[in-house]
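Residue numbers (this note's numbering), protein chains in the order written: chain A, 21 to 508; chain B, 693 to 765.
Keep in mind the hints are simulated off the structure, nothing from the lab. For every residue, glycine included, the Cβ atom is placed at its ideal position computed from N, Cα and C. Be a bit skeptical, because a hint or two may be false.
Short derived list, chain A residues pointing at chain B, Cβ under 10 Å [said to hold, decoys possible]:
1) 75
2) 99
3) 109
4) 111
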Amino acid sequence: MPLMTSSEYIESLRKQKKRIFLAGEMIENYVDHPIIRPSINACAMTYELSHKPEHEELLTAISSLTGKKINRFTHLHQNTEDLIKKVKMQRLLGQKTGCCFQRCVGFDGFNAVDSVTFEMDQELGTEYNKRFRAYLEYVQENDLVVDGAMTDTKGDRRLAPSEQQDPDQFVHVVERKPNGIVVRGAKAHQTGAINSHEILVMPTQTMREADKDYAVSFAVPADAKGILYIYGRQSCDTRRLEEGDIDVGNAMFGGQEALIVFNDVFVPWERVFMCGEYQYSGALVERFAGYHRQSYGGCKSGVGDVLIGAAQAISKIQGIEKASHVKDKLVEMTHLNETIYACGVACSAEGRPTASGTYLIDLMLANVCKLHVTHLPYLISRLAQDVAGGLVVTLPGEQDFKNPEIRQYLEKYYRSATSYSTEDRCRMQRLIENLTLGMGAVGYLTESLHGAGSPQAQKIMIGRLANFDYKAGLAEELAGIKSSAKSE
Amino acid sequence: MIKIKYCGNCNPDVNPKDVKKALETFFTEIPREDTSIMVNGCSRACLTKRKSVEEVKGKVIFVSSKDVVRRER
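With these hints in hand, go ahead and build the complete structure from the sequences.
Next up, the structure:
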C-alpha cells in the first residue's frame, strides 16, 4: 500500500486507540468529532492530491530506499529539485485547504534524523541510521502520517533540563532495559499529533553532558501505551458545534495542536535513534528547524494565496474592485506573499548534500524565510481586513439569518453588489475572519510567529551564520583601511 | 492514448481542471502513442527544466496551460 487514498487514511485512524481529552472529557470517536474532523480533512488532502494526475509530480516521489513510488511526505530529499518540489507541494496544499495540513513536521523530522544519525554512525560506530532507515521504509510502505515532536514544555527557561525542579519538563529516559528504553515527559504545541499514526520524538535544544538523558530520539505508534493527548483550544472553535457552516468561515478544513503526555512509555531499541549522544542534539535541532523554516515558505504562501483571493472576492462582492487603493492593496499583499515563497525556493535551490546523501536546505536562507514569515502574514492579514471593512467583526450570526422576524432586515441591509447574494457576502467575510482572527489565524498568524521557532531563534541563527567580519573586511577594503586592527 | 504529464500545478495560471478537460477532449480526437505532452501550469515551466523529463522516451511536446485552454476556445 505505497499510496493510501484519503478515505483509507481516515479509516486507518479509526483503528488507533488513542486517549484524547478535549474540553475536559475523553473523546471516544475523535475522527467524527465536529471540532477535530476539519483538521483530519486537511491532512487527508495530502493523500487525495497524490492520486490526481495534475498534482502527482509534486505529491509523489520515487523512494531512495525502495525505488517505489511513495507520498512525498515520507521522502528523503535526493537533490535540490526535491527540495523545491517540497515547497511547491506545500504551497499547493495551503491553497487547497486554507490552513495547516499538518504532515510537514514528520517529513522534516525524517530528513533531519536521517542525516544526523548517519553522521553519528560514522563517527561513533552506532547503528542508529540503519534502524532509522528500516523504520522509514515501514512508514513509506504504509504511507503513514508521522508527528515530528520536538518542543518540550521547558519549565523554568533559565534552567537546563537536568537542573529543573521537575525533571519531566523535558522528555527524557527514565529507564534503560535490555530490550528498550522507558521515556517520560511531554511535547507541547504538537501540530497534527492526533491525526498521526506515529510520533517521531527529537530533543528540543542543544544538550550538555549533564543532560544526556534528555538527548533522546525515538519513534512510537501514536496510540502506544502511556501516551495521552490534550487538545488545544482555538479561537472560535465552538462555532464548529453550532448548526450551519457559514460562521466557521472554512467549514471543511482546519489545523490542530495538542499536548502529548508520555507517561512512562516503552520504546524498543529498534525504534531508538539517539540515546545519550548529547553532542549531536544541537545538529538535529538545527537541521529539523532549518527544514521546518523552509516549509513555512511553501505552506504560508499557499494560505496567503487564499487570503489574497478572499480580499479580491470581497472587493467584487462589495463593489470596490475597481478602486485604485484596493488594487494597490492586493498588489502589496501579493508582493509580501511572494517574498515568503521566494525565500522558500531560494533556500531549497541553494541546498546541499549531507554525508548520508540526503539534501539539506541552505540554513541562512531558510532562517531568513521563516523570519519573514513571522511578520509578513500579519501585514497581509491587516490589508485583507482593510479591504473587507468593519463587517468582518460586526456581522450578525448565521442563526440571525434564519430568524423570520429579522432575516428581511439582514438581507436588505447587508446586500451589496446585485450579482452576489447576501449569503455570498457573509461567507466571504467569515473566511477572512477565520484566517485573520479565528481558527485559521492559529495556523496563519500565531503558528507563523512561533512555529519552527520564535523570531529570536531565527535571529540567533542568522547572526551565527552571517560572517560579519567578512563583510567588515569588504567595507574596510573599499574604504582603504590598512590598520593592523583590520577585520580578517 | 497519448501520455500527458503535469508539472504539479502549485500555482497555475489556469485552473488545472479546465486544462485537463481540454487536453482529454483534444487528444481523444488525435491519439498518438509515441508522444508525451508535458503541461506546465505557469511561466516558470518547471517540467521543462526537470531532469526526469530527459528520460522520457519518444517525442516530447512542452505546452503551457494557457496554450491548451486557448486551443480549446
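* Hint numbers contradicted by this structure -> Structure breaks no hint.
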